[in-house]
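Chemist: Here is how the chains run, residue by residue.
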Amino acid sequence: MIAPFKVSYRQDLLLAKTPAAKASYAVLLVALAVIPLVMGEFYVGELGGLFIFAIAGVGLMLLTGYTGLVSLGHAAFLGIGAYAHAIMLAQGLPFLISLPLAGVITAAFGVAIGVPTLRMSGLYLAISTLAFGSIIGTVLQKWDALTGGFDGFPVRTPTILGWKIQGAIGTYYTSLIVLVLVIWLALNILRAPLGRAMVAIRDSEISAQSMGINLAVTKSIAFGVSAGITGLAGGLYAHYVRHLAPDSFDILLSIQLVTIVFIGGLGSIHGAIFGAVFMRLLPQAIAMVRDDLPFGLGRTPGLEPSLFGLILVLVIMFEPGGINGRWMKLKHWCKSFPLHRRAASRRQKSYAKSERLR
Amino acid sequence: MSIFVADEIAMNFGGIRAVEGVSFAVEPGEVFSIIGPNGAGKTTIFNMISRIYTPSAGRMMFDGADITNVPPHTIASLGIARTFQNIELFANASLLQNLLIGRHCHSKVGLLAQLGFTAAVRDAEIAHREKAEEVIEFLGVQRYRDQMIANLPYGVRKVVELGRALCIEPRLLLLDEPSSGLNVEETEEMGHWIGDIRRDLGVTIIMVEHDMKLVHMVSDRVMALASGRILALGTSSEVQNDPEVIRAYIGGAPA
Amino acid sequence: MESVVGLLQLIINGAATGCIYGLIALGFVLIYKATEMVNFAQGEIMMLGGFAAYTFVGIFGMNYWVGSGLAVLATAAFGYLLDAVVLRRVIGQPQFAVVMLTLGLAFIFRAGAGIAWGYDSVAFVTPFTNSIVRFGDTLVLGADNLSIIFGTLVLCGVLYLFFSRTRLGIAMQASSQNQLAAYYMGIPVRRVFSLIWAISAGVAAVAAILLVPVQMVDVNSGIVGFKAFAAAVLGGFGSIPGALVGGVVVGVVEQLAGFYLPTGFQEVTSNIVLLAVLILRPQGLFGQVIRKRV
Chain A
1 MIAPFKVSYR QDLLLAKTPA AKASYAVLLV ALAVIPLVMG EFYVGELGGL FIFAIAGVGL
61 MLLTGYTGLV SLGHAAFLGI GAYAHAIMLA QGLPFLISLP LAGVITAAFG VAIGVPTLRM
121 SGLYLAISTL AFGSIIGTVL QKWDALTGGF DGFPVRTPTI LGWKIQGAIG TYYTSLIVLV
181 LVIWLALNIL RAPLGRAMVA IRDSEISAQS MGINLAVTKS IAFGVSAGIT GLAGGLYAHY
241 VRHLAPDSFD ILLSIQLVTI VFIGGLGSIH GAIFGAVFMR LLPQAIAMVR DDLPFGLGRT
301 PGLEPSLFGL ILVLVIMFEP GGINGRWMKL KHWCKSFPLH RRAASRRQKS YAKSERLR
Chain B
1 MSIFVADEIA MNFGGIRAVE GVSFAVEPGE VFSIIGPNGA GKTTIFNMIS RIYTPSAGRM
61 MFDGADITNV PPHTIASLGI ARTFQNIELF ANASLLQNLL IGRHCHSKVG LLAQLGFTAA
121 VRDAEIAHRE KAEEVIEFLG VQRYRDQMIA NLPYGVRKVV ELGRALCIEP RLLLLDEPSS
181 GLNVEETEEM GHWIGDIRRD LGVTIIMVEH DMKLVHMVSD RVMALASGRI LALGTSSEVQ
241 NDPEVIRAYI GGAPA
Chain C
1 MESVVGLLQL IINGAATGCI YGLIALGFVL IYKATEMVNF AQGEIMMLGG FAAYTFVGIF
61 GMNYWVGSGL AVLATAAFGY LLDAVVLRRV IGQPQFAVVM LTLGLAFIFR AGAGIAWGYD
121 SVAFVTPFTN SIVRFGDTLV LGADNLSIIF GTLVLCGVLY LFFSRTRLGI AMQASSQNQL
181 AAYYMGIPVR RVFSLIWAIS AGVAAVAAIL LVPVQMVDVN SGIVGFKAFA AAVLGGFGSI
241 PGALVGGVVV GVVEQLAGFY LPTGFQEVTS NIVLLAVLIL RPQGLFGQVI RKRV
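Residue numbers (our numbering), protein chains in the order written: chain A, 1 to 358; chain B, 1 to 255; chain C, 1 to 294.
I should point out that these hints are in silico values taken from the structure, not numbers from a laboratory.
Hints may be right or wrong, so weigh each one.
As the list claims (entries may be wrong) - Pairs of lysine to aspartate or glutamate, EDC-like flavour, derived with a Cα cap of 16 Å: (1) Lys131(B) / Glu186(B); (2) Lys6(A) / Glu133(B); (3) Lys213(B) / Glu188(B); (4) Lys213(B) / Asp200(B); (5) Lys213(B) / Glu185(B); (6) Lys17(A) / Glu169(B); (7) Lys6(A) / Asp146(B); (8) Lys142(A) / Asp247(A); (9) Lys213(B) / Glu238(B); (10) Lys164(A) / Asp151(A); (11) Lys213(B) / Glu186(B); (12) Lys142(A) / Asp218(C); (13) Lys22(A) / Asp12(A); (14) Lys213(B) / Glu244(B); (15) Lys6(A) / Glu169(B).
Note that the structure is predicted; figures quoted are calculated from it, not measured.
Could you build the full structure based on these sequences and the hints that come with them?
Modeler: Printed below as a string of structure tokens:
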């Protein structure tokens with residue numbers, strides 16, 4: 001196994017640490033840029049949706065994977081971002097102002113829900129964000145004057161510098177740009193003091209405090225940033241669905257978002273992307289084999305959620321590192337081939353650890 | 001002038017008096033040890049100094065300023081660092097990251113600058129890294145630099161926790177049972193480090209410790225506690241030979 | 001006079017719904033106290049209990065009491081297996097991993113129930129369906145709601161006796177308080193935990209059967225599990241009487257909100273109560289504050 005040779009501290013702060021990594025990301029970006037030119041509209045649309053979920057996944061990863069705060073109400077932030085953006089567009093605000101503003105508004109909501117829940121951890125936080133999500137869902141449904149109630153309203157097609165953002169291709173490119181931007185932001189946070197403070201809070205609140213980390217402020221910022229990023233995803237989601245309706249932002253969506261983070265692998269930005277890829281590909285895969293399944297299983301309405309459930313259960317039981325963990329092990333195996341030792345990827349025995357007191 | 005003064009501090013949990021009216025003063029540059037049987041209130045005193053608990057009564061002064069009611073996250077930037085009895089490291093981060101978190105109280109970059117990772121943030125990060133590398137070198141843990149804490153042996157973790165506290169560049173260092181869980185050689189090594197920290201870095205140390213050999217080796221003065229009260233205060237030999245202290249440890253009829 | 005009677009009826013109906021919340025919350029609390037796991041699939045286990053009872057009573061045509069008893073036993077056995085096969089393996093993983101795990105299980109149960117029993121609402125005739133009880137001349141109450149309240153009280157009495165008088169019950173309490181000490185005392189802690197899962201699944205099945213005269217069973221019945229969170233949190237999430245009282249409070253407040261406030265408020269009442277409690281008194285009405293020792 002060859003470790004990169006380091007010559008300066010600055011090198012450790014680079015986003016792509018080796019020339020090989022730099023090259024592979026460049027190739028990936030170019031490939032993503034030309035995809036709409038060669039692939040059909042349907043696939044481009046689906047990929048656009050994937051980018052949107054990846055953005056939300058990165059947002060939630062910062063909160064859950066790095067700060068250790070679980071939110072089961074992130075669909076609400078997606079919804080707030082979507083409605084805020086769509087309503088501002090309808091009022092005639094240009095896209096380039098409306099989308100960031102939607103992010104800021106959602107971030108404010110994030111801080112607002114973050115502050116009262118600061119004293120809670122783990123379980124209580126999960127439950128209270130669940131409650132928050134369902135309250136927002138009801139508000140979107142009942143506040144007719146603002147949201148158009150149960151029927152919702154169509155989303156206006158905006159223009160950026162004269163270029164119309166419409167159809168699959170428009171959503172694809174805007175989402176890709178925002179995704180790249182969001183990943184850059186997330187990586188900046190993670191290599192700066194804020195990211196370390198978040199990780200510190202995740203691993204031990206009490207010693208984080210003794211290191212001079214202000215728990216309340218850091219958690220609020222984490223909530224705000226996470227919600228803001230999810231709000232951006234929401235704004236793009238409005239264009240993806242083209243017609244906003246409140247029932248798309250329910251508990252199921254929240255759970256899908258957390259599933260992205262879990263299946264992808266907690267504590268890694270790669271994981272958020274892998275999770276989103278998985279989450280969006282599974283329905284396609286199911287659609288392909290649906291007709292060939294025995295016993296009419298393919299026509300069962302609950303097939304998709306139950307498969308998500310099953311995979312979630314299996315991942316947590318057998319691969320807590322998620323797809324990213326499996327990927328790292330695979331990379332390690334390739335590098336050390338044929339000298340791989342089984343023990344290197346064996347999980348340590350873990351014991352029940354109380355989280356009542358943190 | 002004393003660097004730290006505790007004036008009649010007391011701590012009640014419900015009806016239980018863990019610490020009642022303890023006063024002591026720590027002089028700059030000394031190693032001040034607190035000994036006593038389990039439940040004597042040693043760690044409670046540490047938790048009061050690091051402001052995890054608020055004393056029920058009394059006052060604490062650090063460097064002439066009253067710290068009885070300051071928020072717990074400001075303690076580090078005042079120059080007080082601590083370690084924990086059972087190690088409270090950030091287990092899923094690398095050793096280097098743990099040390100860099102120790103630098104947190106020295107970071108002054110704004111939120112927006114961090115989001116954009118400006119040149120100022122980068123330069124500050126490099127400065128923190130240099131400081132952390134100094135500590136890595138001081139403790140000789142270079143080969144573990146990029147390893148996850150969860151994968152390190154207990155003895156190394158104990159050293160890393162000391163290093164993390166040093167990254168704060170404290171003037172007062174609180175060590176909560178630095179030798180617990182260490183074998184004889186590791187304890188000896190810990191003793192040398194404590195000596196080095198005091199001598200080379202000029203840090204004042206308050207230490208809670210059970211291992212009397214270590215206490216004897218490094219301490220200037222020793223305070224013996226039992227049931228939340230001071231039994232004796234003096235040099236290590238004076239305290240070890242104090243009849244009250246012997247009785248508290250070995251038992252016997254109360255005086 | 002009319003309005004007083006109306007109010008009383010409202011409160012009794014609310015208390016009956018609240019008892020159901022309380023019973024599910026009881027299941028959360030039993031499991032949480034023992035294993036620190038939170039079972040987000042508790043509502044779905046209740047749904048499965050309802051379908052089990054429907055199978056025995058509605059499809060096989062058994063006597064109500066016999067069929068219900070069998071359904072409770074079957075659900076309890078299911079709970080035991082769930083712990084022994086799945087949850088025991090994730091001990092030591094972070095708490096929210098268990099949250100996600102049980103959420104995943106909830107999806108599987110829902111789909112499984114859909115495949116086995118279909119997606120239509122089902123019900124069966126119980127001794128309490130469509131009968132009323134009169135108190136004096138004016139107060140008329142449904143036997144269904146009264147049976148829920150009465151059944152809950154009886155069940156609580158039985159559980160109380162079980163936990164305070166039987167060897168197994170006391171072993172369960174001991175294991176909940178200190179696993180290690182209980183283990184050293186020779187208590188088979190793992191099996192005891194599985195039995196606790198069995199009891200909480202059984203309690204959920206009882207709740208499902210009591211609910212049948214009021215509300216039909218379908219794959220989405222498990223949604224009440226989320227409302228039961230409010231009950232458990234209100235009670236401090238560690239207190240068994242607290243869970244029941246919390247359930248009744250949530251049920252009654254929800255009824256009153258549905259009657260006196262504009263539409264839409266009723267469905268969020270439990271969530272608002274939940275958030276309010278967590279913000280104002282995070283330890284719940286009956287909980288206590290404990291801090292980590294360092």
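Chemist: Take the hints in turn and mark each one as holding or not.
Modeler: Here is what the structure says about each hint:
The straight-line distance between the Cα atoms of Lys131(B) and Glu186(B) is roughly 25 Å, outside the 16 Å bound, and the hint therefore fails. For the hint linking Lys6(A) to Glu133(B), the alpha-carbon distance of about 14 Å falls within 16 Å, and the restraint holds. As the CA atoms of Lys213(B) and Glu188(B) are separated by approximately 9 Å, the hinted pair is consistent with the 16 Å bound. Pair hint Lys213(B) plus Asp200(B) does not hold up; C-alpha atoms about 22 Å apart against a cutoff of 16 Å.
Simply put, Lys213(B) and Glu185(B) have alpha-carbon atoms about 12 Å apart, close enough for the 16 Å limit, and the pair holds. Between Lys17(A) and Glu169(B) the CA atoms are separated by roughly 30 Å; this puts the pair beyond 16 Å, and the hint is violated. At most 16 Å may separate the alpha-carbon atoms for a hinted pair to count; Lys6(A) and Asp146(B) meet this at roughly 13 Å. With a C-alpha separation of about 11 Å, the suggested pairing of Lys142(A) with Asp247(A) holds against the 16 Å cut-off.
With a CA separation close to 14 Å, the supplied pair Lys213(B) and Glu238(B) stays within the 16 Å bound. Taking the CA atoms of Lys164(A) and Asp151(A), the gap is about 26 Å. The hint is violated against a cut of 16 Å. Of the pairs offered as hints, the one joining Lys213(B) and Glu186(B) holds, with about 13 Å between alpha carbons and a cut-off of 16 Å not exceeded. A threshold of 16 Å between alpha carbons decides the hint, and for Lys142(A) with Asp218(C) the separation of about 26 Å lies outside it, so the pair is violated.
For the hint linking Lys22(A) to Asp12(A), the alpha-carbon distance of about 14 Å falls within 16 Å, and the restraint holds. Between the alpha carbons of Lys213(B) and Glu244(B) the distance comes to roughly 20 Å, so the proposed pair goes past 16 Å and is violated. Between the alpha carbons of Lys6(A) and Glu169(B) the distance comes to roughly 27 Å, so the proposed pair goes past 16 Å and is violated.
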